[in-house]
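K.L.:
Spelled out, the chains give:
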Amino acid sequence: MSEFGRLLADRRRPVVTAEFPSLDGGDLETVAQALEHYRPYVDAVNITDNPAAHAHASNVSMAIAVKQLGVEPIMQVVCRDKNRLAAQADVVGASMHGVTTFCALTGDDVTAGDEPEARRVFDLDSPQLISIMNGISRGHYLSGRELKHRKELLIGAVENPFAPPPEVRVRRAKMKVDGGARFLQLQIGYEPALLESFMAGVVANGVAERAAILPTVILTKSPGALRFMDGQVPGIHVPAPVIERIANADNAAEESYLLVREQVEHALTLPGVAGVHITDFRHDDSLRRLVSDLAIGPAFAASQAATA
Amino acid sequence: MLRKLLPVVEHVVKGPVWDCQMCGQCVLHSTGMTCPMTCPKTLRNGPCGGVRPDGKCEVKPEMRCVWVKAHDRAENMPLLPKSWREEITHMRPPVNNELKGDSSWLNLVSGLDRQTPAGWQED
Numbered sequence: 001m002s003e004f005g006r007l008l009a010d011r012r013r014p015v016v017t018a019e020f021p022s023l024d025g026g027d028l029e030t031v032a033q034a035l036e037h038y039r040p041y042v043d044a045v046n047i048t049d050n051p052a053a054h055a056h057a058s059n060v061s062m063a064i065a066v067k068q069l070g071v072e073p074i075m076q077v078v079c080r081d082k083n084r085l086a087a088q089a090d091v092v093g094a095s096m097h098g099v100t101t102f103c104a105l106t107g108d109d110v111t112a113g114d115e116p117e118a119r120r121v122f123d124l125d126s127p128q129l130i131s132i133m134n135g136i137s138r139g140h141y142l143s144g145r146e147l148k149h150r151k152e153l154l155i156g157a158v159e160n161p162f163a164p165p166p167e168v169r170v171r172r173a174k175m176k177v178d179g180g181a182r183f184l185q186l187q188i189g190y191e192p193a194l195l196e197s198f199m200a201g202v203v204a205n206g207v208a209e210r211a212a213i214l215p216t217v218i219l220t221k222s223p224g225a226l227r228f229m230d231g232q233v234p235g236i237h238v239p240a241p242v243i244e245r246i247a248n249a250d251n252a253a254e255e256s257y258l259l260v261r262e263q264v265e266h267a268l269t270l271p272g273v274a275g276v277h278i279t280d281f282r283h284d285d286s287l288r289r290l291v292s293d294l295a296i297g298p299a300f301a302a303s304q305a306a307t308a
Numbered sequence: 001m002l003r004k005l006l007p008v009v010e011h012v013v014k015g016p017v018w019d020c021q022m023c024g025q026c027v028l029h030s031t032g033m034t035c036p037m038t039c040p041k042t043l044r045n046g047p048c049g050g051v052r053p054d055g056k057c058e059v060k061p062e063m064r065c066v067w068v069k070a071h072d073r074a075e076n077m078p079l080l081p082k083s084w085r086e087e088i089t090h091m092r093p094p095v096n097n098e099l100k101g102d103s104s105w106l107n108l109v110s111g112l113d114r115q116t117p118a119g120w121q122e123d
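Protein chains in written order, with the working numbering: chain P, 1 to 308; chain H, 1 to 123.
It is possible that some hints are incorrect.
To be verified - Under the rule of at most 30 Å between Cα atoms (straight-line distance), these lysine-lysine pairs were calculated in the DSSO-like manner: (1) K82(H) to K221(P); (2) K56(H) to K82(P); (3) K174(P) to K151(P); (4) K14(H) to K56(H); (5) K100(H) to K4(H); (6) K82(P) to K82(H); (7) K82(H) to K69(H); (8) K82(H) to K174(P); (9) K67(P) to K151(P); (10) K69(H) to K148(P); (11) K69(H) to K100(H); (12) K69(H) to K174(P); (13) K174(P) to K82(P); (14) K56(H) to K82(H); (15) K82(P) to K67(P); (16) K56(H) to K100(H); (17) K4(H) to K56(H); (18) K82(H) to K4(H); (19) K174(P) to K4(H); (20) K14(H) to K4(H); (21) K67(P) to K148(P); (22) K148(P) to K221(P); (23) K60(H) to K4(H); (24) K174(P) to K60(H).
What the hints assert, rightly or not - If we take Cβ atoms under 10 Å as the criterion, some of the chain P residues that face chain H in the derived model are: (25) H56; (26) S58; (27) C79; (28) R120; (29) D123; (30) L124; (31) S131; (32) L142; (33) Q187; (34) F228; (35) G235; (36) H237.
No wet-lab data here; the hints were simulated from the structure.
On a predicted model such as this, the values are computed, not experimentally measured, just so you know.
Heads up, the beta-carbon is just placed ideally off N, CA and C, and yes, glycines get one too.
Use the sequences and the hints to build the structure in full.
P.N.:
Below you can see the structure in the form of structure tokens.
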């Protein structure tokens, strides 16, 4: 098991993961520069796969680069762009470069992106992709054909506790964990009651014990960013009072930060929550400030171990 | 003869009622009599994370999410056998694209619709 896998499994401290930004060209130095913003504060970074249905530098290339630069990549694979052959090839190919942590997602529809005329693939759905990744981890392709060199993979998935129907989200989380997922990163959400009921559900059905659950927060600095997500990003709903809180504040950027800190504090009090996933759209000092204020992540591992 | 005729008959029967897409491996009974192939992402194992707060589809906002409908019907549709209601939580394997256009009735009888690749969930 990888170091990150052990960290997720033993729950000795809250895990911190972050969304690595998409890149559009450059070289290894470009990746290295972007990585320095995250390296001291996170246990792993998500390498996205054409997020929001926009083409970017590929998940495989970015995951390999980040691994070479000494940070644990979580390579996302979405079902939208590639069929089962290509998805398996990407996973096996990346694993040959030391990338062993993967996250299977359905993926936003092509209509969410800037090339809505593209053909959507969806040859697989995410529970099927998780199960196929699990097969690769055991040493074979979906066809049953054996891999010459088996490599154990750490497989994750996502779930959206804030999208209806709530009870189905809990059951779907179980389906993914039954298929082999060992961590679940949750969608961004602004309704604490929905997160609480989802967590109660996954604790009750044993999912939270078998998989590390990581709620997601997003660092923003204006009410416009929240309005954009509410209106344009599939699966994200921002209630009007939340937007008003930021819009009416004297200092919108500071209020935005405080909102996120409250969200993380709240999430970490919930039974079954193993850590937090952070998306940083501010690109300022807020990521460091957040993990420092809450004393979470690798930079504070020693102090957490002392208080545990 | 039967191989050519049955798909036509099946489409005539199931098209108007369920908007049947002729995947050739029908799972209607296990999905609240709601065809998952009418989901714009053709998801076979539950709703994606893009479902809108009002239960509408991410891709087609005017349409109720196929899987919201499926779960609702699996619980509430009258006359559905208990075993069919429970099957909605079962994992359905990847679609066999070789069967597209076939009669699922024939594939049900022959068992072809339940054959999976050797590497599918060996446990």
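K.L.:
For the pair supplied as a hint, K67(P) and K148(P), confirm whether the alpha-carbon distance does not exceed 30 Å.
P.N.:
Holds, because 23 Å separates the two Cα atoms, which is no more than 30 Å.
K.L.:
Decide if the proposed pair is consistent with the structure: K82(H) and K174(P), CA atoms, cutoff 30 Å inclusive.
P.N.:
holds (21 Å)
K.L.:
For the pair supplied as a hint, K67(P) and K151(P), confirm whether the alpha-carbon distance does not exceed 30 Å.
P.N.:
With a Cα-Cα distance of about 16 Å, the restraint between K67(P) and K151(P) holds, given a limit of 30 Å.
K.L.:
Quick one, is the S131(P) hint okay against chain H at 10 Å, beta carbons?
P.N.:
holds (6 Å)
K.L.:
Check whether the Cα positions of K100(H) and K4(H) lie no farther apart than 30 Å.
P.N.:
The given pair, whose Cα atoms are some 13 Å apart, holds under the 30 Å limit.
K.L.:
Compare the distance between the alpha carbons of K56(H) and K100(H) with 30 Å, and conclude whether the hinted pair is satisfied.
P.N.:
Holds, at roughly 27 Å.
K.L.:
Are the Cα atoms of K4(H) and K56(H) separated by 30 Å or less?
P.N.:
Violated, at roughly 37 Å.
K.L.:
Between the alpha carbons of K174(P) and K151(P), is the straight-line distance 30 Å or under?
P.N.:
holds (25 Å)
K.L.:
Within 30 Å, alpha carbon to alpha carbon, are K148(P) and K221(P)?
P.N.:
violated (49 Å)
K.L.:
So if I understand the rule, the pair passes when the alpha-carbon distance is 30 Å or less; does K174(P) with K60(H) pass?
P.N.:
holds (27 Å)
K.L.:
Is it true that the CA of K69(H) sits at most 30 Å from the CA of K148(P)?
P.N.:
Between K69(H) and K148(P) the Cα gap is close to 44 Å, so the pair fails against 30 Å, i.e. violated.
K.L.:
Against the 30 Å threshold, does the CA-CA distance of K174(P) and K82(P) hold or violate the hint?
P.N.:
Roughly 25 Å between the alpha carbons, so the hint for K174(P) and K82(P) holds.
Going down the numbered hints, you'll see the structure goes against 1, 6, 10, 17, 18, 19, 22, 23, 25, 26, 34, while the others check out.
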